[in-house]
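Chemist: Read off the chains here:
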Amino acid sequence: MVYGTSSWAIGIFAFFVAFVLWMAFYFAKRTKTSKGFYAAGGTIHWAVNGIAFAGDYLSAASFLGICGMIAMFGYDGFLYSIGYLAGWIVALFVVAEPMKRMGKFTFTDALDSKFNSKGIQFSAALSTLVISVCYLIPQMVGAGSLITPLLGIPHYLGVVLVGTIVTLIVATAGMTSTTYVQFLKGGLLIIFSTTLTIALLSRGFSTAPDQGGKVPYHEFTSIGYSVGTDGAINLGDASYSLQGNWKDSPYYLKDDNPAKPKPKFVKLTKDGLDTVWLIDEDAGQLRETLFTTKTRDGATLYNGAPKSEGRFFQVGALSEIVMDGQKVDRTGPLDPVSFLTTIQGSTVVRFPSEKVVDGENQVTVYYPKATAGADLLRPGIKFKIGSSIEDNLNFISLMLALFCGTAALPHILIRYYTVPSPACARKSTIVAIAAIGFFYVLTLFMGLGAMTSGVLDLTDSNMSAPLLAKSFGVFLFAIISAIAFATVLGTVSGLIVAASGAVAHDLMDRFFNMKMTDSGKVIAGKFSAIAIGIVAMFLGIAYQKMNVSYLVGWAFAVAASANLPAIMMLLFWKKTTSRGIAASIIVGMVSALGIILLSPEMYKELYGLDPKLAPFPFDNPAIVSVPLSFLTLVVVSLATQAAHARKVIIRAERRPLTPPVVGIPLEPVLDHTAFESMTREELVQLVLQLKSELAALKTSPGEPVN
Amino acid sequence: MEHGPATDWGEDKASGYKQRLGMWMFASYCIVYAAFVVINSVNPKLMGKSVGNLNLAVTYGFALIVVALVLAVIYNALSTRAEERLNDAYTDDEEEVF
Chain A
1 MVYGTSSWAI GIFAFFVAFV LWMAFYFAKR TKTSKGFYAA GGTIHWAVNG IAFAGDYLSA
61 ASFLGICGMI AMFGYDGFLY SIGYLAGWIV ALFVVAEPMK RMGKFTFTDA LDSKFNSKGI
121 QFSAALSTLV ISVCYLIPQM VGAGSLITPL LGIPHYLGVV LVGTIVTLIV ATAGMTSTTY
181 VQFLKGGLLI IFSTTLTIAL LSRGFSTAPD QGGKVPYHEF TSIGYSVGTD GAINLGDASY
241 SLQGNWKDSP YYLKDDNPAK PKPKFVKLTK DGLDTVWLID EDAGQLRETL FTTKTRDGAT
301 LYNGAPKSEG RFFQVGALSE IVMDGQKVDR TGPLDPVSFL TTIQGSTVVR FPSEKVVDGE
361 NQVTVYYPKA TAGADLLRPG IKFKIGSSIE DNLNFISLML ALFCGTAALP HILIRYYTVP
421 SPACARKSTI VAIAAIGFFY VLTLFMGLGA MTSGVLDLTD SNMSAPLLAK SFGVFLFAII
481 SAIAFATVLG TVSGLIVAAS GAVAHDLMDR FFNMKMTDSG KVIAGKFSAI AIGIVAMFLG
541 IAYQKMNVSY LVGWAFAVAA SANLPAIMML LFWKKTTSRG IAASIIVGMV SALGIILLSP
601 EMYKELYGLD PKLAPFPFDN PAIVSVPLSF LTLVVVSLAT QAAHARKVII RAERRPLTPP
661 VVGIPLEPVL DHTAFESMTR EELVQLVLQL KSELAALKTS PGEPVN
Chain B
707 MEHGPATDWG EDKASGYKQR LGMWMFASYC IVYAAFVVIN SVNPKLMGKS VGNLNLAVTY
767 GFALIVVALV LAVIYNALST RAEERLNDAY TDDEEEVF
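If you're matching them up, the sequences are chains A and B in order.
Quick note on numbering: the working numbering labels position 181 of the first sequence as 181, and the sequence is numbered without any gaps.
Quick note, the working numbering runs 706 ahead of the 1-based positions in the second sequence.
FYI, nobody ran anything at the bench for these hints, they're computed from the structure.
For glycine and all other residues, C-beta sits at the position ideal for the given N, C-alpha and C.
Honestly, I wouldn't trust all of these hints.
What the hints assert, rightly or not - Quick partial rundown of chain B residues pointing at chain A, CB under 10 Å, derived from the structure: (1) Y735; (2) C736; (3) N749; (4) N759; (5) V764.
What the hints assert, rightly or not - Here are the computed lysine-lysine pairs in the BS3-like style, where the Cα-Cα straight-line distance is at most 27 Å: (6) A:K260 with A:K114; (7) B:K719 with A:K327; (8) A:K515 with A:K114; (9) A:K575 with B:K751; (10) B:K755 with A:K327; (11) A:K260 with B:K719; (12) A:K114 with A:K264.
To be verified - Only part of the chain B face toward chain A is listed, based on derived beta-carbon distances under 8 Å: (13) D718; (14) G722; (15) K724; (16) Y739; (17) N746; (18) V757; (19) N761; (20) F768; (21) I771; (22) L775; (23) V776; (24) V779; (25) N782; (26) A783; (27) S785.
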């Protein structure tokens, strides 16, 4: 589909970029310390941080991906919204305050706060990098894909443009500029998504949605047909011709499973142009379809012609509207509840797709399918749940990953260090839940609106929300497009800060123990950000031709499997040891990635093999990898109790008690959990040591003991 | 390098209370979320049943979002009250001692 460049979109985006770059350079003058670079000095107001959370979290996958998925599959897309939001409950009730209390700059700090363990430093930094890169690639590819149609520049240039802007934002003022970019983007996204939803409700439904009178809705045509006694097909329209036997054609799809018959198509020719029709045997009609053809030389034809000819039109409408028990052609303005009840009682024309191999051409046929609104507003179109145990477990596994992954994403966790206190961390999470929850409610309206407003581009569901905005005028389209770019900027900047923290702070400073001054740490952070930015640009260009949206799923699966068990057990199980944490992170990460690589989806998408050959029956690993990670932590921790206790005693011996320390509880001096696992002999040894130190203090002529 | 908090603040006497409260609320939400996932996977047709004007799927989905926010607000209110009560009392006691 050709969208045409919008000078409004370019102007608004340029203004936004100019503003955030000015802001980044403004804050750069104040960013002199590592605390300022990695944690914005810990001075961000909780309300600003809450909206910045929304800006950080609502990535292109959330905004464009979920709206597109709802537009294509209805309620099944909304399940992602529910899962993504529910994950914030874990963040609020379990993670927020302890993460702030224990950590300094990164997620690794918090995990390692009790231990000072090289194993934790390395494994947590590695998991941060893996998650960040998995998340970064689709964002960068998406940045190029967004810019190509809307600004009219090549994909690689779009990636380089976004990568350069983001690297500048991060490398100048680190977390401070990142926070305000995310705050602005989060705020704008919620304001204009609300505007778009209100405009949608005000317009209501029509059986021939014409985008406010701008684009006449394409009426799908049908051709009557009959089958002769010789088995040949007789067409009702003589201007079309058929070559060969229609039942021997590759378009007449063979049924793998008789219980699930495939749609049957026929290819006809008119005026030298190919057309593909759906055979509706019950009605004796051939129904018009849309189709794309990938030819051997790599070109793509849209309805048999190049894209520029505009033969591939936008679709999506209600074929029958039932409102308050009456059939109507147009509803007029609706309130949110009647918007949903009207869809529920009406019939929507969806466009599922089927693949056809026609000689050397790969053809994708999108055919009209009338679907009851009631079926669209309940699960079952995308997720074939309820049909087999594997499908059910796959679905449960996905919902588990969404629930557990959010609170363990490193670029989300580092946001807790930008506020002044644990109470502010808690409050900012509540603002985030309010903002993100409200946005996710809007996704259902925007997605269903795109599905029924005649705006869908079947070749790119991610454009559903911007194209819905375009049906209300070029200004709203420009704003939504600019926000889509800003969405990429906000999320990518957060990911680069998280990744640079893992490289410069966790690995260089802590793991390799490189001696650096505070300003040296800032420089290391900035150079890490530049290096990661360059890598992100390279990956964004390298993966241009691949569908990489599944990598976001990888990031969630690894976060849920590697990070969350470590965080939860550290907080709630006193026998957790450093080796247990490090082992669970590695096992969680490796098992999640391993299962994904052996999943049916990867066999089909990545390797081009039969998905039935995949050794693992699910696409989503969480249901196995999360319990496995927990189990690893428990087993390794129990096996390393003695070593852990010895380490704690050694640390205590190296840290003699001084007068100011004696007056406060022992907890900050010694890891109290270690006492529970110490043997009687070790405890006696420790008590004797404490006694002798206390005696020495009492007899010393120095400061009085409190 | 030190790896303690980026910002200093006083000891939080309410942290134990907040942790217990958080765990109870987390467990409550987990049950509601798990029930949603189980109904979806075991009996998806049940999700099509009407609950008032809308079906169970939409109503339950919106409820999960709204309940998350309501629990969050309650948690914050109770946590803030506990912080004021316990941390202020702690400060008063300290002043008496000295």
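Chemist: Run every hint past the structure and note whether it holds.
Modeler: Results for each hint:
Given the 10 Å rule on beta carbons, the hint for B:Y735 holds: about 5 Å separates it from the nearest Cβ of chain A. The closest approach between the C-beta of B:C736 and any C-beta of chain A is roughly 8 Å, which is under the 10 Å cut-off, so the hint is satisfied. Interface hint at B:N749: satisfied, since its Cβ lies 7 Å from the closest Cβ of chain A, which is below the 10 Å cut-off. Given the 10 Å rule on beta carbons, the hint for B:N759 holds: about 5 Å separates it from the nearest Cβ of chain A.
Hint status for B:V764: holds, given a least beta-carbon distance of 6 Å to chain A, under 10 Å. Between A:K260 and A:K114, the direct Cα distance comes to roughly 57 Å. Violation of the 27 Å bound is thereby established for this hinted pair. For the given pair, B:K719 sits about 64 Å from A:K327 by alpha-carbon distance, which is inconsistent with the 27 Å threshold. Annotation: proposed proximity of A:K515 to A:K114 holds, straight-line Cα distance about 22 Å (limit 27 Å).
Annotation: proposed proximity of A:K575 to B:K751 is violated, straight-line Cα distance about 45 Å (limit 27 Å). Between B:K755 and A:K327 the alpha-carbon distance is near 22 Å, which keeps this suggested pair within the 27 Å criterion. Pair hint A:K260 plus B:K719 does not hold up; C-alpha atoms about 62 Å apart against a cutoff of 27 Å. Annotation: proposed proximity of A:K114 to A:K264 is violated, straight-line Cα distance about 64 Å (limit 27 Å).
A least Cβ separation of about 6 Å between B:D718 and chain A falls short of the 8 Å threshold, and the interface hint therefore holds. Violation of the interface hint for B:G722 is found here, the shortest Cβ-Cβ separation to chain A being roughly 11 Å, above the 8 Å cut-off. Interface hint status for B:K724: upheld, as the beta-carbon distance to the closest one in chain A is roughly 6 Å, under 8 Å. The beta carbon of B:Y739 is positioned within 8 Å of a beta carbon in chain A (closest approach about 5 Å), and the interface hint is therefore held.
Because the closest C-beta pair between B:N746 and chain A is about 5 Å apart, less than 8 Å, the hint holds. The interface hint given for B:V757 is violated, since its Cβ lies 12 Å from the closest Cβ of chain A, which is over the 8 Å cut-off. The beta carbon of B:N761 is positioned within 8 Å of a beta carbon in chain A (closest approach about 6 Å), and the interface hint is therefore held. Proximity of B:F768 to chain A holds as hinted, the smallest CB-CB distance being about 7 Å (cut-off 8 Å).
Below 8 Å, beta-carbon pairs count as interface contacts, and B:I771 has one with chain A at about 4 Å; its hint therefore holds. This hint holds: B:L775 has a C-beta 5 Å from the nearest C-beta of chain A, less than the 8 Å allowed. The restraint placing B:V776 at the interface with chain A is violated, with a minimum CB-CB distance near 10 Å, outside the 8 Å limit. The beta carbon of B:V779 comes within 7 Å of a beta carbon in chain A, closer than 8 Å, and the hint placing it at the interface holds.
For B:N782, the suggested interface contact is upheld, since its CB lies about 5 Å from the closest CB of chain A, less than 8 Å. Interface hint status for B:A783: violated, as the beta-carbon distance to the closest one in chain A is roughly 10 Å, over 8 Å. For B:S785, the shortest C-beta to C-beta distance to chain A is roughly 6 Å, which falls under 8 Å, so the interface hint holds.
Of the hints listed earlier, those the structure fails to meet are numbers 6, 7, 9, 11, 12, 14, 18, 23 and 26, in rising order.
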